[in-house]
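Residue numbers (the numbering used here), protein chains in the order written: chain H, 1 to 460; chain D, 461 to 920.
Don't read these hints as lab results, they were simulated from the structure. Idealized CB from N, CA, C, for every residue including glycine. Take the hints with a grain of salt, since some may be wrong.
Straight-line alpha carbon distances no greater than 20 angstroms define the calculated PhoX-like cross-link-like pairs of lysine-lysine that follow [stated by the list, open to error]:
no., chain 1, residue 1, chain 2, residue 2
1, D, Lys677, D, Lys615
2, H, Lys211, D, Lys615
3, D, Lys910, H, Lys445
4, D, Lys615, H, Lys217
5, D, Lys756, D, Lys726
6, H, Lys349, H, Lys312
7, D, Lys677, H, Lys155
8, D, Lys634, H, Lys445
9, D, Lys905, H, Lys445
10, D, Lys694, H, Lys155
11, D, Lys771, D, Lys726
12, H, Lys366, H, Lys403
13, H, Lys234, H, Lys396
14, D, Lys677, H, Lys296
15, H, Lys349, H, Lys234
16, H, Lys288, D, Lys748
17, D, Lys677, H, Lys211
18, D, Lys694, D, Lys771
19, H, Lys174, D, Lys905
20, H, Lys217, D, Lys748
21, H, Lys288, D, Lys910
22, H, Lys155, D, Lys634
23, D, Lys756, H, Lys217
24, H, Lys234, D, Lys671
25, H, Lys366, H, Lys396
26, H, Lys266, H, Lys234
27, D, Lys905, H, Lys450
28, D, Lys615, D, Lys809
29, H, Lys349, D, Lys671
30, H, Lys211, D, Lys505
31, H, Lys357, H, Lys396
32, D, Lys726, D, Lys772
Where chain H lies over chain D, by a calculated footprint (3+ residues, C-beta under 8 angstroms) [to be verified]:
no., stretch
33, 479-490
34, 527-535
35, 790-800
Residues of chain D clear of chain H, computed beta-carbon distances all greater than 10 angstroms [unchecked claim]:
no., residue
36, Leu462
37, Lys472
38, Ser513
39, Val647
40, Asp653
2 protein chains.
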Amino acid sequence: MLNVDLIEKIGKIVGKDNLSAATCELYCYSSDASQIRGMPELVIKPLTTVQVSDIVRIAYEHGIPVTTRGAGTGLSGGCVPLEGGIVLDMSGMNRIVEMDFDNLQVVVEPGIVQEKLNKALEPYGFFFPPDPGSSAMCTLGGLIANNGSGMRSVKYGTTRSYVLGLEVVMADGKIIRTGSKTMKTVVGYSLTDLMVGSEGTLGIITQAIIKVRAIPKESSVLFASFDSPEIAGKAVVRVLSSGIIPSACEILDANIIRAINTYDPKLGLPLAGAILLFEVDGTEAEVKEGIGLIVKTCEGLSSDIRTASDKKERDEIWAARRLVGAAISRLDPMRTRVYVGEDVGVPIKEIPRMLRKVDEISREFKLPIMTYGHIGDGNLHTGMCIDMLSDEAWKKLNAAADKIHRTAIEIGGTVTAEHGVGSARSEYMRLELGNALDVMITIKKALDPKGILNPGKMGV
Amino acid sequence: MLNVDLIEKIGKIVGKDNLSAATCELYCYSSDASQIRGMPELVIKPLTTVQVSDIVRIAYEHGIPVTTRGAGTGLSGGCVPLEGGIVLDMSGMNRIVEMDFDNLQVVVEPGIVQEKLNKALEPYGFFFPPDPGSSAMCTLGGLIANNGSGMRSVKYGTTRSYVLGLEVVMADGKIIRTGSKTMKTVVGYSLTDLMVGSEGTLGIITQAIIKVRAIPKESSVLFASFDSPEIAGKAVVRVLSSGIIPSACEILDANIIRAINTYDPKLGLPLAGAILLFEVDGTEAEVKEGIGLIVKTCEGLSSDIRTASDKKERDEIWAARRLVGAAISRLDPMRTRVYVGEDVGVPIKEIPRMLRKVDEISREFKLPIMTYGHIGDGNLHTGMCIDMLSDEAWKKLNAAADKIHRTAIEIGGTVTAEHGVGSARSEYMRLELGNALDVMITIKKALDPKGILNPGKMGV
């Protein structure tokens, strides 16, 4: 248990200004962007790896839970301290330690915000591709711990693809380094990959070597309407197997189209069964050729194809996609968009089937469900809005979300393609992973025998 | 210990034709393509996952070592049974279980040979990119267990990038499934990534879900000479940071150029300080543009640039690269190319420095060292030839290799970029990984408490 002596001891490590046990402060650290809540007993803002190590060593000795937090933009309760204890707010460790473009990499601290990193890289002609919806706020540490991705992962992969190495504080306070500045190594188990996506349950990331890419010179977007999501799904499979890899491939269903048109009638999206948005980036020739090939591939399937002729039109089309979250939330002032059951992924060819199932679930529970998402990698976001003061509405929502999760698993998919397990989805771990969950638990027990790191998450 | 009763019991599982304890047979399984040797007591050729599980369960009960083997093309002793026991020859489990191109994936058994898989994929327009020198023989299971790569990894990544999921038999015989047919999932620790590159020390791969890519429509090669490896290194950094990602980027040093010209004078390679070979693939426009940009980028640095004008010339240039192994081995009939210290990797910008160091080591030990490799990802292969009957020569070679390994680590590199640790490089694990090796050992002990899986490898 945390007592005054321990708090004083920790205060000596980080300085009195960098920790707080005041209720108003603790309350700020009791949630993320989901509805999950849990109060910490102490919030600490470490500034160095050695401070993190010293704090964790004390926590380990006394069996105090340690939950690590970046910007708190997660949607699964991942950084919510369910069992109290310490929250480590990593936002103070936000430096770019090294810009090493000759090696196509940068070394960063975990608290740096995605957009800030990209702004710092831009003058040098480089970028860090993973771009979740929260990129203006989310931290690199959070992205790594959750293996975040977003719209560009169909071409550029998830955060995992960019992590060359990590500095990690283990449960007993030991500092290790995984990976290296080398682009390719097969020395040892990939501890880097084990840490990526482990949501703070195996160690605390205090530094990362991140691969960067040259900013593509051009990009263009294309916008194709289809009579049904099934036909849109077919078009996606055809495009991806043609060898063209778009930098984004998004779907909007009929409900989302209506929502966007209600939100901003000027956009005037065609009232199709589904719309696909493709973005192609690269050199001028690549973009021209890519867009041309997608148009050709969609012909005969799509009822209407529009290519953005200039930057203005491109921005307008893309703005429509970015509006989705807002459009859903503003459909009905009495209802709030709730992120539950919102992140399933399925094998690409199962997308039309999953979309049909979501529609059935929507009708069964008499709950409007709007679907959009990264169809290029099978990731569907289902948007549901409820009156948050109604117990009845919550019950219905949870039942619908449960059915969405079980359906995704049944057809070979996953309950979370990018938002994380946290505590929101830990109950589905056994169903999706089977006895592989036991292997996870064995690893967790071996590396964190006292279970102090982010307890209550990921089903371990 | 293996006794007659146990052998009989195992015989009932796999059938008498699929196991052998005959010395001549055991001898065939006592080596890989390195100089490392170790005799097994029993060789078993399982045909199903359940057979593997049943065998491992017996081995676990009796504490018998189990070493898994694909085609035995490894260069680190990885599949050599150093502590006797059982060798599991997986070459009988070689089916393509499912071709699922709508999901851009195939499901395979581990014994399938890389080239055979690619021949089966070709008519459908797909391929599996990782292509080590041994692709005509090596198995997918071996590639996965070693995270194999080769010339194309600069663009296409290593085997890791293609493994969506695995079926694995754990040390106690339990069968687990990791990953899924979904392109993107963040459910749980990435056990798939933990298994990839674990060289059979954590589990036995019995099935894999493999992502495939569309075969690029065109490819072209370019061949640039430089006065020194340093300048060649600069050109590589410039090309990679320009946004063009070649599908191969290889270096040949002056010694290798001479070796190839001696082997096949018709090729007439220019006697430069170093030659870079670039391959660009993609659509016609991409290839044309890529080659053009590389030419432009190399101008002012390269003393001579040749672009292959047609397929014949392209094949000739590429053949020169493929000749390297043979050229080294045939320089002197009294000497044999030995694969020791042959696989270091360094951060890209350190390549010129590493090349200089190798040159110094060559002069210090009076041992000709020829260097070539995948400069695009910092992977250098150092070729040394010795009189294998001379103890003196072996001593010199091992001392030189030791210095090469230590130098690579000193400048932020790795002792093995793609060939694996096995037993050949396990002594360097502590030096390269520091206390991260303890984390590896903790995981190994947790998942294989009796240490029966491929003992004596990877320093665990």
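Evaluation of the provided hints:
1. D:Lys677 with D:Lys615: With Cα atoms ~16 angstroms apart, D:Lys677 and D:Lys615 stay inside 20 angstroms; holds.
2. H:Lys211 with D:Lys615: holds (14 angstroms)
3. D:Lys910 with H:Lys445: Cα-Cα ~17 angstroms, so holds.
4. D:Lys615 with H:Lys217: holds (18 angstroms)
5. D:Lys756 with D:Lys726: violated (28 angstroms)
6. H:Lys349 with H:Lys312: Cα-Cα ~33 angstroms, so violated.
7. D:Lys677 with H:Lys155: With a Cα-Cα distance of about 18 angstroms, the restraint between D:Lys677 and H:Lys155 holds, given a limit of 20 angstroms.
8. D:Lys634 with H:Lys445: holds (19 angstroms)
9. D:Lys905 with H:Lys445: Holds: D:Lys905 and H:Lys445 sit about 12 angstroms apart, inside 20 angstroms.
10. D:Lys694 with H:Lys155: Between D:Lys694 and H:Lys155 the Cα gap is close to 28 angstroms, so the pair fails against 20 angstroms, i.e. violated.
11. D:Lys771 with D:Lys726: holds (17 angstroms)
12. H:Lys366 with H:Lys403: holds (14 angstroms)
13. H:Lys234 with H:Lys396: violated (32 angstroms)
14. D:Lys677 with H:Lys296: Holds - the C-alpha atoms of H:Lys296 and D:Lys677 are around 16 angstroms apart, at most 20 angstroms.
15. H:Lys349 with H:Lys234: holds (8 angstroms)
16. H:Lys288 with D:Lys748: holds (14 angstroms)
17. D:Lys677 with H:Lys211: This hinted pair is violated, its Cα atoms lying about 28 angstroms apart.
18. D:Lys694 with D:Lys771: With a Cα-Cα distance of about 28 angstroms, the restraint between D:Lys694 and D:Lys771 is violated, given a limit of 20 angstroms.
19. H:Lys174 with D:Lys905: Given that 20 angstroms is the threshold and the Cα spacing comes to 19 angstroms, the pair holds.
20. H:Lys217 with D:Lys748: holds (16 angstroms)
21. H:Lys288 with D:Lys910: violated (59 angstroms)
22. H:Lys155 with D:Lys634: Distance ~36 angstroms between H:Lys155 and D:Lys634 Cα, so the pair is violated.
23. D:Lys756 with H:Lys217: holds (17 angstroms)
24. H:Lys234 with D:Lys671: holds (19 angstroms)
25. H:Lys366 with H:Lys396: holds (9 angstroms)
26. H:Lys266 with H:Lys234: violated (30 angstroms)
27. D:Lys905 with H:Lys450: holds (18 angstroms)
28. D:Lys615 with D:Lys809: Holds: D:Lys615 and D:Lys809 sit about 18 angstroms apart, inside 20 angstroms.
29. H:Lys349 with D:Lys671: holds (14 angstroms)
30. H:Lys211 with D:Lys505: Violated - the C-alpha atoms of D:Lys505 and H:Lys211 are around 42 angstroms apart, more than 20 angstroms.
31. H:Lys357 with H:Lys396: With Cα atoms ~17 angstroms apart, H:Lys357 and H:Lys396 stay inside 20 angstroms; holds.
32. D:Lys726 with D:Lys772: Roughly 14 angstroms between the alpha carbons, so the hint for D:Lys726 and D:Lys772 holds.
33. 479-490: Coverage by chain H is violated here, the residue count being 0 at a Cβ distance below 8 angstroms.
34. 527-535: That given contact is violated, which follows from only 0 residues of the stretch 527-535 of chain D lying within Cβ reach (below 8 angstroms) of chain H.
35. 790-800: Not satisfied, violated; 0 residues make the cut.
36. Leu462: Consistent with the label, D:Leu462 stays out of reach of chain H, its closest Cβ about 27 angstroms off (over 10 angstroms).
37. Lys472: holds (26 angstroms)
38. Ser513: Given that every Cβ of chain H is farther than 10 angstroms from that of D:Ser513, nearest at about 12 angstroms, it holds.
39. Val647: violated (5 angstroms)
40. Asp653: About 3 angstroms separates D:Asp653 from the closest Cβ of chain H, which leaves it inside 10 angstroms; violated.
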